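Use the sequences and the hints to build the structure in full.
1 is the number of the first residue of the sequence shown in UniProt numbering; add one for each residue after it.
None of these hints come from the bench; they were simulated from the model. Predicted model, so just to flag it, every value in this text is computed and none were measured. Do not rely on the hints blindly, as some may be mistaken.
[Said to hold, decoys possible] Simulated restraints, written as ranges between beta carbons of each label pair:
no.	residue 1	residue 2	range
1	GLY27	ILE84	28 to 36 Å
2	GLY27	ALA50	16 to 24 Å
3	GLY80	ALA55	20 to 28 Å
4	ASP36	GLN12	14 to 22 Å
5	THR74	ALA26	18 to 26 Å
6	ALA58	GLU9	13 to 21 Å
7	ASP36	GLY80	14 to 22 Å
8	GLY29	ALA58	35 to 43 Å
9	GLU2	SER43	20 to 28 Å
10	GLU57	SER28	35 to 43 Å
For each residue, glycine too, the CB sits at the ideal point set by N, CA and C.
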Amino acid sequence: MEMTLYDCEQCQTRSVPPRYVCPKCAGSGLTAIQADGAGTIYSCTTIYVAPERLAAEAPYAIILVDLDEGPRVTARLAQGIPKIGQRVVFNRYEDGVYWFE
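Structure (structure tokens):
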């Protein structure tokens, strides 16, 4: 599955939506591109005490993924136990959350 990223027309920095300006140069010329969404887990943590609306899902993993296309994204792991260095691929974007498997 593909995911959407933004390329800044001024400095060519790639970022993850939602964005209105470039996080590096504050330029407003952002172009949406399609990316394959593959990456490597940079860091991870397990949430045991979750906010009320997510309490039934605890414990769950939060991961930081370095995308092959450049930016780093905070996400959830759909299943399994995350390991730093593990290869993952974008699964879906749901309720403001990126999911990888």
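Taking the hints in turn, this is what the structure says about them:
1. GLY27 with ILE84: 28 to 36 Å: For GLY27 and ILE84 the Cβ distance comes to about 33 Å; the hint holds.
2. GLY27 with ALA50: 16 to 24 Å: violated, 37 Å
3. GLY80 with ALA55: 20 to 28 Å: holds, 21 Å
4. ASP36 with GLN12: 14 to 22 Å: holds, 19 Å
5. THR74 with ALA26: 18 to 26 Å: About 22 Å separates the Cβ atoms of THR74 and ALA26, which means 18 to 26 Å holds.
6. ALA58 with GLU9: 13 to 21 Å: At 42 Å between Cβs, range violated.
7. ASP36 with GLY80: 14 to 22 Å: Given about 20 Å between the Cβ atoms, the range holds.
8. GLY29 with ALA58: 35 to 43 Å: holds, 41 Å
9. GLU2 with SER43: 20 to 28 Å: holds, 24 Å
10. GLU57 with SER28: 35 to 43 Å: For SER28 against GLU57, whose Cβ atoms are near 37 Å apart, the range 35 to 43 Å holds.
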